[in-house]
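Residue-level listing of the chains:
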Amino acid sequence: MELVSLFIGLTFVNNVVLSKFYAICPLLGVSKKPKNALNMGYAVTFVIFLASIITYLLYYHVLTPLGITYLDLITFILVIASLVQFVEMFLKKTSPEIYKSMGVYLPLITTNCAVLGVALDNISAGYTLIEAMVAGLAVPIGFTIVIYVFATIRERLEIANVPESFKGTPIALITAGIMACAIAGIAGLV
Amino acid sequence: MQISAILALLVVGAVLGCVLGVADKYLRVEEDNRINDVTEMLPGANCGGCGYPGCSGFATALVEGDASKVSACVVSNQETREKIAQYLNETPGPDGQTAKVTV
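Residue numbers (my numbering), protein chains in the order written: chain A, 1 to 190; chain B, 1001 to 1103.
Source of the hints: derived by calculation from the structure; they are not laboratory data. Where hints are given, some of them may not hold.
[To be verified] 30 Å max Cα-Cα, derived DSS-like pairs, lysine-lysine:
no. : chain 1 : residue 1 : chain 2 : residue 2
1   : B       : Lys1069   : A       : Lys167
2   : B       : Lys1083   : A       : Lys100
3   : B       : Lys1025   : A       : Lys167
4   : A       : Lys32     : B       : Lys1025
5   : B       : Lys1100   : A       : Lys93
6   : A       : Lys93     : A       : Lys167
7   : A       : Lys20     : A       : Lys32
8   : A       : Lys32     : A       : Lys92
9   : B       : Lys1100   : A       : Lys167
10  : A       : Lys20     : A       : Lys93
11  : A       : Lys92     : A       : Lys33
12  : B       : Lys1069   : B       : Lys1083
13  : A       : Lys33     : B       : Lys1100
14  : A       : Lys92     : B       : Lys1069
15  : A       : Lys33     : A       : Lys100
16  : A       : Lys92     : B       : Lys1025
17  : A       : Lys32     : A       : Lys167
18  : A       : Lys92     : A       : Lys167
19  : A       : Lys93     : A       : Lys32
Extracted from the complex, chain B is given alone in its bound form:
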């Protein structure tokens, strides 16, 4: 009884997982990995003080050029800001362009 319950759920889960795995292969979106990197460099307070929804929102805005000043993030210190600005000005995106930001 219990064994069949475990097995049934396992099989259902595995089948759904496989379907999602296949779907992921066809529907994968190439994401700009600079967004991820900048998100990790930001303080991660998710305070919204910059006017964007969370740190990942601010990172997206920086990379896509909607925001140009890292200091909009009030939680970050000078060191972090310089690091992010340097990173973004030096690292080109998938289209070969760098994001122009200032500290």
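So here's chain A without its partners, still in its complex pose:
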């Protein structure tokens, strides 16, 4: 039951994009087409899930026994960069279409702060391995939902009658802000 509430809490209530404001870059960059947004979501889910497990094990079984926990940041980045590299190779081989449509935003998952954020939050919140795995699933699922919903709204905005000076990114940012307000409405639920 606790795991379920942790999952719901991290997916919706403490949504990584709309209440912590991580990962704004891909939110704006890859949300032009809902399909691309979903692909981005899958890639991020894969990276975050594996990264949260690997970094957790590294932190408690390598860094802590050696007394070098101050190296957590650089170690985590090393793991994340390798995972992203792997995803890139995998996508290039299996589906060049997706690889092309994601463009520069695929390698940029390395610097997606949601990934590092989950890895560091797992440690600072004192999660167990199971909880860290749940967090590693809940956060990217929350991210995927938000980026997909945002992409569908942006698709509609393309044909909306937006004042000249708000066209493009400004109206997208305002939309994201309103979405954040909506999420803030359920703050403290879990």
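Based on these hints, arrange chain B on the given structure of chain A.
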């Protein structure tokens, strides 16, 4: 203390490097090396004036037949254009076909 830090990072890096190396062996994609050659021949200004994302984007378009005129690259001079056109018309790709381009 410092030694263990150095060693730990070294080991973690080496393990990850090995995993990526193995993955690369299985996931390697055969790339058309004409793309690389044409990219090197282009001026490398990455100005986007040709309508493609960067020089490598234009090189890909030339090799794959999306673009047929080298002169779309406004930065290149006549000599470069002729060199690229000659190279592409003479060098067959992996499928034995040459890319038809004009100066």
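Query raised in the report: Between Lys32 (chain A) and Lys1025 (chain B), does the CA-CA distance stay at or below 30 Å?
Result: Violated, at about 34 Å.
Query raised in the report: Given the hint that Lys93 (chain A) pairs with Lys32 (chain A), does the C-alpha gap stay at or below 30 Å?
Result: Status holds; Cα separation ~24 Å.
Query raised in the report: Does the alpha-carbon distance linking Lys32 (chain A) and Lys167 (chain A) stay inside the 30 Å limit?
Result: Holds, because 14 Å separates the two Cα atoms, which is no more than 30 Å.
Query raised in the report: Does Lys92 (chain A) pair with Lys33 (chain A) here, judged by a C-alpha cut-off of 30 Å?
Result: holds, 20 Å
Query - Holds or violated: Lys20 (chain A) to Lys32 (chain A), with C-alpha atoms at most 30 Å apart - result: Holds, because 22 Å separates the two Cα atoms, which is no more than 30 Å.
Requested in this report: Decide if the proposed pair is consistent with the structure: Lys20 (chain A) and Lys93 (chain A), CA atoms, cutoff 30 Å inclusive.
Outcome: Answer violated: Lys20 (chain A) to Lys93 (chain A) is near 34 Å, above 30 Å.
Query raised in the report: Does the alpha-carbon distance linking Lys92 (chain A) and Lys1025 (chain B) stay inside the 30 Å limit?
Result: holds, 13 Å
Query raised in the report: Holds or violated: Lys1083 (chain B) with Lys100 (chain A), Cα cutoff 30 Å?
Result: Status holds; Cα separation ~29 Å.
**Report entry** Given hint Lys1069 (chain B) paired with Lys92 (chain A) - CA-CA distance at most 30 Å
**Finding:** Between Lys92 (chain A) and Lys1069 (chain B) the Cα gap is close to 28 Å, so the pair holds against 30 Å.
Query raised in the report: For the pair supplied as a hint, Lys1069 (chain B) and Lys167 (chain A), is the alpha-carbon distance within the 30 Å limit?
Result: violated, 35 Å
Query - Restraint check for Lys1069 (chain B) with Lys1083 (chain B), where alpha carbons must lie at most 30 Å apart - result: holds, 13 Å
Query raised in the report: Does Lys93 (chain A) pair with Lys167 (chain A) here, judged by a C-alpha cut-off of 30 Å?
Result: Cα-Cα ~37 Å, so violated.
In the structure shown, a violation is registered for the earlier hints numbered 1, 3, 4, 6, 9, 10, 13, 18, in ascending order.
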